[in-house]
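K.L.:
The residues making up each chain are set out below.
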Amino acid sequence: MALWKKEWLALMRDRHGLAALFIMPAIFILVMSLALADTFSGQQETRLAYATLDLDDTPASRALDALLGDFELLNKSAPPSDEANARLSVRTGEMAFVIVIPHGFARQIGANQPPKLRFLIDPAVPGMVRSGFGKYVEAAVTRVWLTHVLEQLGQSMMRPELRQVMENIGSPEISIEPVGSSDDGAAIAVAPTSVQQNVPAWLIFSMFFVVIPISTVFIGERQSGTLQRLHAQRVSFGLVLAGKFLPFVLINQIQAVVMVAVGRWLVPLCGGEALTLPGGAAAIAALFTLSLAVSVAAVGWALFIASIVQSSEQATILGGVGNILMGAIGGIMVPRFVMPVAMQEWTRISPMSWALDGFHDVMLRQGGIADVLLTVCALICFGLAALAMSIFLNRRATST
Amino acid sequence: MIRIDNIRYRYHPGAPLALDGVSIDIARGSIHGLLGPNGAGKTTLISLLAGLISPREGSIAISGEPLGSWRAARPNAIALVPQDYAFYPMLTVVENLAFFAGVQGYSSQERQRQCAEALAFSRLESVADQRAEELSGGLRRRLNLAIGLTGEPEILLLDEPTVGVDPSSRRFLLESVRQLAATGRTVLYTSHYMEEVEAVCSDVSIINHGKVLLAGSIAEVKQGRTLEQVFMELTGYSLRN
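From first to last, the protein sequence lines are chains A and B.
Numbers 0 to 399, taken from numbering that gives the first Met the number 0, label the letters of the first sequence in order.
Numbers 0 to 240, taken from numbering that gives the first Met the number 0, label the letters of the second sequence in order.
Among the clues, some could well be false.
Said to hold, decoys possible - To give an idea of the chain B side of the interface with chain A (calculated C-beta under 8 Å), a few residues:
(1) Gly-50
(2) Ile-77
(3) Tyr-84
To be verified - Ranges between beta-carbon positions, derived for each pair:
(4) B/Leu-233 - A/Val-320: 49 to 57 Å
(5) A/Val-256 - B/Pro-15: 51 to 59 Å
(6) A/Trp-7 - B/Glu-56: 38 to 46 Å
(7) B/Pro-12 - A/Ala-280: 55 to 63 Å
(8) B/Pro-12 - A/Trp-7: 41 to 49 Å
(9) B/Gly-104 - A/Met-23: 35 to 43 Å
These are calculated hints, taken from the structure and not from any lab test.
We treat Cβ as the ideally placed atom computed from N, Cα and C, and that holds for glycine.
Extracted from the complex, chain A is given alone in its bound form (with noise of 0.2 Å):
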C-alpha cells in the first residue's frame, strides 16, 4: 500500500509524465483524427481538380464529357481554352488531369474504332488515384461507345426497347454487405473511420508510454540508492515492481477514458466525426478487459525497460524508441491496411498490433468478450514474460 501510494503521488507531481500520457496522445487524436478524416471516409473534400478539353464538340464527346463529372476523388473544372492552357494549368498544379477528347472521337466511335483520348498529368498525382481514374474513365469511354451501339442497332431494327435498355445502361448497384461476429449487419463497419483508427491507435501507444514515468522514477531509485535501502530493509524487488504495477494499471485505465471522452466530445467540436462504441454490456466489458490486458502489456514492458537501462538517456532511447517502431509496425502510425501485403505480415510481431486488432474486433466487428480473448491472453502473456525477465535480470545483477 505504502509502495501504490507513494508511486501514486510521484506521478501526479511529474507534469512531463503527465503531459507524455494525457496531453500527447489527445493532440495525436484530434490532430490525426481530423486529418486523415477524408482518407478513411474516402470522402476527400480538397479533391484534386480535373478538367476536359473537348477538341471534338460532338455529340458523343459532350456525352463523354457530361459523364465524367461525378468521379468522386476529383472535382470537375472549368475547361481550359485549348490546349496550351491546359498544359500550363497541369504543370502549375492547377489540375491534376486534364483529359483531351481529339478531333475524331466521334468518328472513331461511329466507325466502331476504339477511340483515342489523352490524359495530361501532373506527376505527383498518386499511382492510386492515377489508375482508379483511368479505370473511370475508360468505364465512361465504353459506355458512350455501347450506347452509340445501341442506337443503330435500335434504329436499324425499329425496336423501342433496345432504346429503353440504351437508357438504363448505367453503372451497376453494388450492396456491400459488412460481416462481423454480429448478426446486425448495419451495425458493422466495413473499415475503420478515422477517429475509429485513431482512438484506439493512440491510446494504445500512449498506454505504452508509460516507460518514461516508470523509468525515471525507477532509474532515480537505483541510482541514489533507494533500491539498496529498500532491499536492505527487507522489501523485496518484485514487490517494488508490484508496487509501480497497479498504480500505472489505473493510469492507462484513466488514460482509456479520456482518449475516448477525446474521440467522443472533442473531435466533433473540432469539426471531426464523433467516436462511436458498440452499445451493450458483452462490448464495453470486452472493451474493458482488452484496455486491462494492454496496460499489464505496456507496464510489463516499461518495467523490463527500467530494469535494463542505466539512465534517463537510456530510457529515452530504449523505451521511446521502441515504443515508436512498434507503433510503425503495429499499425499505429500507418493502418495495417494500407501496407503491402509483405509488411502487413509483419504487423504481427507488435503488441500494439494485437491490441489494435483487439479493438477493432470490438469497434467494428461488434466482437464480445470471446473474440478478443486470443488477443487478450496474448498481451497478458508478453506482460508477465517482460517483468519475469525483469526479475530473472535483477537477481542474477544482485546476486553476483
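Chain B: place on chain A using the hints.
P.N.:
Same frame as chain A, but now just chain B:
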C-alpha cells in the same frame, strides 16, 4: 556484539578480492568507524551487513546468532543510510518518512509516531511539508538519516553521512550520531574525514585493499599520534589524497 569473522568476498569469479579475510568485532552501543580510501572494501562490508549481498566465505554473527537468522527474527533491526540521498525528491519530508516506515509494515498509528519522532530527532519539523527536492544539502542529509531511524533499528550503517554538508550541519549530524549510540544503538560509521571519526567514534578499523590493517579503540589505535598519522604509516598515503 557484531562479529565479522574472516570474510572473503569477490564480486565476480576471477575478480580481485573486495574483502580478504576481514575480521572485526563491533561492540553493542558503540560507534565503530570504518576508515579507508575508495575501493578499500568499506561499502562491500556495509552491503554484507545490510544483507544486500551474502558472504561466500567467512561468517557474520550478531549476539552469537548468524546474521541471516538474527535478521529474519528482526527484519527492521538494521538500517542502511546510503551515501547518496536515498529518498524520493518529489515527495515531502513527511511523505518520505511515512513511506519508508510503511514499507516496513507498521500500522498507520505507529507510522505517525515514528515519523514524528524522526522529524523531532532530526529537527525537520519546520520543513515537514516541503518537498525533499527543495531542501538544502544539510537538510537532505538530515532527512537521509531520519529515514534510517524509521523502524527503530538496533544497528545503523552510516555510509559517509556528512559528505557535502556545511560545518554547522556536520556538527548537528555528528551530535545526532552520538545521541543514537547513547540510546543503545550500534553504529557503523564510514568516513573520509579522520577528525570526524576521531571525534565521534569509540572504535575504529582501518581497511585497505580489502584487508583490515588495524582495529581497536580510538585510544589503542592512536597511541599518542593523530589518526591521520596512523593511517599514513599503515597505507603510505593520506586519506585526503
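K.L.:
Next, verify each hint and record whether it holds.
P.N.:
So, going through the hints one by one against the coordinates:
{"no.": "1", "hint": "Gly-50", "in the structure": "6 Å, holds"}
{"no.": "2", "hint": "Ile-77", "in the structure": "7 Å, holds"}
{"no.": "3", "hint": "Tyr-84", "in the structure": "6 Å, holds"}
{"no.": "4", "hint": "B/Leu-233 - A/Val-320: 49 to 57 Å", "in the structure": "52 Å, holds"}
{"no.": "5", "hint": "A/Val-256 - B/Pro-15: 51 to 59 Å", "in the structure": "56 Å, holds"}
{"no.": "6", "hint": "A/Trp-7 - B/Glu-56: 38 to 46 Å", "in the structure": "44 Å, holds"}
{"no.": "7", "hint": "B/Pro-12 - A/Ala-280: 55 to 63 Å", "in the structure": "59 Å, holds"}
{"no.": "8", "hint": "B/Pro-12 - A/Trp-7: 41 to 49 Å", "in the structure": "42 Å, holds"}
{"no.": "9", "hint": "B/Gly-104 - A/Met-23: 35 to 43 Å", "in the structure": "38 Å, holds"}
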